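2 protein chains.
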Amino acid sequence: MTKTELIKQIQNISNLNYISALLEWDQETQMPTSGSERRSEQMALLAGIQSDYATNPLFQESLINIDLNSCTDDEKVIFTDAIQEAKKSKLLSKSLKEEIAKHQSLGQHAWATAREKNDFESFKPYLEKLLNLKKEYAKSLKSLYPDKNDYEILLDEYEPGLRVSIIDDLFSQLKPQLIDLIKRIELKQDKGIRFPNSFPLDLQEEFAMSVIEDIGFDFDRARVDLSAHPFCTNFSSNDVRITTNYDESDFTKSFFSLLHETGHALYELGMNDDFHGTALAMPISLGIHESQSRFWENNIGRSRGFWTHYLPQLKSLFKKEFKNIKFEDFLKKINSVAANSIRIDADEVTYNFHIFIRYEIERDLFADKITVNDIPLVWKQKYKEYLNLDINSDSEGCLQDVHWSLGLFGYFPTYTLGNIYAAQIYQYLKQEKPHLKTDISKGNFTELRSWLNEQIHKQGKRYSANDLIKKITGNELDSNYFIQYLEEKFKDMYQI
Amino acid sequence: MTKTELIKQIQNISNLNYISALLEWDQETQMPTSGSERRSEQMALLAGIQSDYATNPLFQESLINIDLNSCTDDEKVIFTDAIQEAKKSKLLSKSLKEEIAKHQSLGQHAWATAREKNDFESFKPYLEKLLNLKKEYAKSLKSLYPDKNDYEILLDEYEPGLRVSIIDDLFSQLKPQLIDLIKRIELKQDKGIRFPNSFPLDLQEEFAMSVIEDIGFDFDRARVDLSAHPFCTNFSSNDVRITTNYDESDFTKSFFSLLHETGHALYELGMNDDFHGTALAMPISLGIHESQSRFWENNIGRSRGFWTHYLPQLKSLFKKEFKNIKFEDFLKKINSVAANSIRIDADEVTYNFHIFIRYEIERDLFADKITVNDIPLVWKQKYKEYLNLDINSDSEGCLQDVHWSLGLFGYFPTYTLGNIYAAQIYQYLKQEKPHLKTDISKGNFTELRSWLNEQIHKQGKRYSANDLIKKITGNELDSNYFIQYLEEKFKDMYQI
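Those protein sequences? They're chains A and B, same order as listed. Here our numbering is used: the first residue of the first sequence is 1, the next is one more, and so on. Here our numbering is used: the first residue of the second sequence is 1, the next is one more, and so on.
Misleading hints may appear alongside valid ones.
No copy labels: a pair is met if it fits in one copy or bridges any two.
Lysine-lysine pairs mimicking DSSO-like chemistry, simulated, CA-CA at most 30 Å apart [said to hold, decoys possible]:
| no. | residue 1 | residue 2 |
| --- | --- | --- |
| 1 | Lys90 | Lys8 |
| 2 | Lys94 | Lys8 |
| 3 | Lys8 | Lys129 |
| 4 | Lys253 | Lys437 |
| 5 | Lys148 | Lys90 |
| 6 | Lys97 | Lys8 |
| 7 | Lys3 | Lys102 |
| 8 | Lys8 | Lys88 |
| 9 | Lys333 | Lys88 |
| 10 | Lys320 | Lys90 |
| 11 | Lys94 | Lys3 |
| 12 | Lys253 | Lys320 |
| 13 | Lys3 | Lys97 |
| 14 | Lys139 | Lys90 |
| 15 | Lys437 | Lys323 |
| 16 | Lys333 | Lys382 |
| 17 | Lys332 | Lys442 |
| 18 | Lys135 | Lys90 |
| 19 | Lys333 | Lys369 |
| 20 | Lys319 | Lys333 |
| 21 | Lys470 | Lys148 |
| 22 | Lys470 | Lys430 |
Just so you know, these hints were derived from the structure itself, not from any lab. All values reported here derive from a predicted model rather than from experimental measurement.
Given the sequences, and given the hints that come with them, work out the whole structure.
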């Protein structure tokens with residue numbers, strides 16, 4: 001196959017992924033539930049076709065034998081990534097892929113029932129099966145990663161190059177600093193700030209849509225729908241979809257979740273469509289993806305400057321609800337820090353403990369230090385130790401998130417990586433482009449968005465996450481930026 | 001391949017069609033327009049995969065060599081249909097399929113622009129290309145249909161077994177009878193009945209949704225969305241989608257169009273899901289499909305009994321709009337007969353002339369009696385002759401419908417076939433099950449729907465359209481039923 005034919009085939013394989021993504025999006029947002037059985041069949045069919053395309057011998061051989069020295073820089077990025085994917089596809093048997101797909105579907109159903117009934121026991125065999133399948137998956141890829149253990153091979157799927165030692169370093173630095181910060185904040189926090197608890201849904205939607213449009217969500221190339229759990233997906237950089245759900249009693253839930261998903265959407269919308277379906281129009285890693293969502297949700301969306309512009313708008317829309325709220329109280333309220341048993345409802349400080357706990361359990365499961373059986377007890381012990389929370393129900397404990405039911409072990413750490421990347425970018429901009437602060441307080445995001453687009457979005461996978469963060473900020477990934485960001489923010493509010 | 005493997009592969013091919021249908025549905029109802037370029041790529045990819053699956057040599061050989069005598073009745077239906085499809089796929093070159101797919105896409109774009117600008121000249125080369133491709137398509141299949149001409153081979157795609165001689169007989173019988181009927185109705189029609197011309201959209205939706213639910217539209221297995229042109233599609237019999245668009249000035253447009261699409265939806269919802277993706281869960285023909293939509297739209301939906309039940313509901317919802325309307329006036333208004341240059345806005349009597357004209361032009365194009373160049377003039381002559389209408393713009397003339405821009409020659413006649421099938425079924429029921437009239441006037445459609453389901457929907461392709469109509473009504477397809485239905489209806493209203 002010629003280079004052009006190879007690129008066409010790489011794009012075909014991506015397009016098959018995009019088609020699957022559309023089927024999933026439809027399932028979450030539109031499909032009548034009765035459609036699920038045949039939809040699963042259609043998903044499985046696509047997965048099989050995708051595998052056949054990726055492991056096609058002519059494609060494999062042509063790709064792996066390509067002379068990278070004869071390639072342009074762009075081609076090098078595209079083919080290097082494609083070669084890695086092709087090697088992985090070849091090492092993974094079709095039967096293992098099908099087994100995993102099948103048990104993901106079974107696992108997700110079993111998890112949903114188990115969570116509803118608070119019945120971890122019923123979920124256990126599914127989780128064990130998925131854990132074993134993912135160990136087998138990792139072992140299949142071992143020859144590509146000779147110096148990595150099983151868990152690190154899985155980490156690589158989500159965050160290329162990530163290692164247990166890196167996570168351990170980052171997390172062990174963060175842990176005591178965050179504990180100390182939480183203690184200081186708790187001493188100063190005013191728990192008596194009154195916040196309304198009923199927000200008409202149409203006004204919530206009106207406000208959120210106008211804000212995300214200001215930020216850069218392009219309604220001509222993207223759309224917002226409703227789903228049980230918010231997510232972002234896309235089928236090209238010109239067709240991006242995010243979802244939300246509104247909670248009448250709390251406008252902050254959907255609002256910050258929409259900022260979050262908008263951050264993800266801007267990343268996908270910002271790719272260069274000329275390179276559709278290749279590594280030059282794909283996200284680098286889940287950590288970098290999450291940095292884009294957390295940046296808008298937290299660094300910008302919970303900042304003083306942001307609300308300097310938007311609180312007056314919010315007040316004029318929710319006249320009754322926010323009639324008497326003071327700016328400082330509003331800012332403190334949306335930044336209040338309090339341990340919460342539910343990850344997705346956590347504030348940006350305590351949030352990371354949810355990740356530390358998930359990570360430690362995953363790592364120890366893969367190192368055979370604990371078994372699936374131990375999860376509920378270990379969970380409770382760690383929540384008591386780190387967050388001083390008593391977890392009385394597995395539904396609000398280890399069963400709260402869908403990830404493990406899909407076998408996504410190694411995914412959780414990228415959430416905290418996202419927080420760190422985002423803070424490092426934010427602190428860099430604060431230092432180097434101080435005028436952006438004024439822009440934000442005027443609701444002007446043009447330069448900020450362009451900068452993110454130029455520096456990150458349209459680079460695709462041109463750089464590794466490590467190289468990119470160094471290129472942008474001058475430094476390697478460093479958790480101190482995250483601490484510094486939080487310290488400055490809470491000092492500003494509480495003079496701690 | 002074993003029988004089981006063959007059936008699995010037949011279902012896979014169907015599932016690829018269903019996946020394509022989902023991509024199309026999404027494109028019409030949800031997709032940001034900017035997504036169209038990459039969506040076309042994804043559609044083309046699926047078309048290619050579908051072709052590869054259908055022409056796979058092992059599949060082809062195993063299927064064509066199957067011993068039908070060793071098959072159950074169900075298997076015979078499934079394999080006979082699959083063998084025919086496989087033979088067609090094999091005779092059609094992949095490059096022809098791709099050429100057609102490409103020119104359908106180009107043709108549709110060119111048509112939309114031409115219609116907007118009233119510029120037939122700009123559309124002409126695209127139409128000529130599609131006509132030639134479809135002639136080549138027909139010629140490729142000639143060995144399967146040795147006694148059919150090109151146009152008849154295309155007719156067979158939509159209505160298996162249909163011939164020019166059958167259409168000519170039916171249409172030439174209908175034409176003078178309809179002309180006579182129209183003249184008599186026109187003499188009696190009261191053109192002065194006043195009808196409101198503004199209907200709040202939310203009330204239109206509320207009314208229509210409650211009616212289609214009464215009829216049997218199952219919102220747990222189907223959904224309604226908005227699109228520019230109404231259509232029905234499905235991805236299994238448990239996931240059926242219809243679309244509409246509301247016109248504030250005329251509630252009848254969306255209402256009857258929703259009844260129409262609901263009729264199509266009931267057919268698909270009524271298939272036996274155990275046979276998903278096989279001929280036993282597929283519609284027989286477009287004519288039979290259209291009979292199900294026209295039955296609910298016209299035979300039931302514009303009947304005296306139907307509005308005996310629903311006019312009071314309509315009045316209580318549109319209090320202001322329908323305050324003073326009399327039942328007889330309402331019935332006459334929704335059944336008023338008047339030549340209209342636009343097919344989809346036509347009444348059920350003059351409607352058929354639109355079809356006669358399309359058919360005559362198609363037939364003569366394929367017989368090389370006229371060329372694409374002649375279409376606008378021939379169009380105007382025929383509209384003057386049959387409907388006494390002066391067509392001053394091609395946009396409201398030969399450019400009004402999308403079908404030809406997609407190369408769908410041979411499709412139009414099935415619309416009038418649908419009217420005849422529907423009337424034949426309706427007249428049979430009127431005679432044999434007179435109590436259904438009382439049911440309908442009470443808004444009770446249970447028995448009627450069950451009967452349609454048992455007799456038609458869940459049969460899939462078990463019988464040919466011809467055999468089915470004979471099995472149900474005791475007679476071959478006969479246009480006299482349609483005339484009889486119209487005569488009785490208008491006699492009841494106007495004593496003509």
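Checked hints:
no., hint, in the structure
1, Lys90 x Lys8, "both (19 Å within a copy, 25 Å between copies)"
2, Lys94 x Lys8, "both (23 Å within a copy, 18 Å between copies)"
3, Lys8 x Lys129, "between (37 Å within a copy, 27 Å between copies)"
4, Lys253 x Lys437, "within (25 Å within a copy, 54 Å between copies)"
5, Lys148 x Lys90, "within (19 Å within a copy, 50 Å between copies)"
6, Lys97 x Lys8, "both (24 Å within a copy, 19 Å between copies)"
7, Lys3 x Lys102, "between (35 Å within a copy, 24 Å between copies)"
8, Lys8 x Lys88, "both (19 Å within a copy, 28 Å between copies)"
9, Lys333 x Lys88, "neither (47 Å within a copy, 68 Å between copies)"
10, Lys320 x Lys90, "neither (61 Å within a copy, 70 Å between copies)"
11, Lys94 x Lys3, "both (26 Å within a copy, 23 Å between copies)"
12, Lys253 x Lys320, "within (19 Å within a copy, 42 Å between copies)"
13, Lys3 x Lys97, "both (28 Å within a copy, 26 Å between copies)"
14, Lys139 x Lys90, "within (13 Å within a copy, 43 Å between copies)"
15, Lys437 x Lys323, "within (27 Å within a copy, 61 Å between copies)"
16, Lys333 x Lys382, "within (27 Å within a copy, 74 Å between copies)"
17, Lys332 x Lys442, "within (20 Å within a copy, 61 Å between copies)"
18, Lys135 x Lys90, "within (17 Å within a copy, 44 Å between copies)"
19, Lys333 x Lys369, "neither (41 Å within a copy, 79 Å between copies)"
20, Lys319 x Lys333, "within (18 Å within a copy, 48 Å between copies)"
21, Lys470 x Lys148, "within (24 Å within a copy, 71 Å between copies)"
22, Lys470 x Lys430, "within (16 Å within a copy, 80 Å between copies)"
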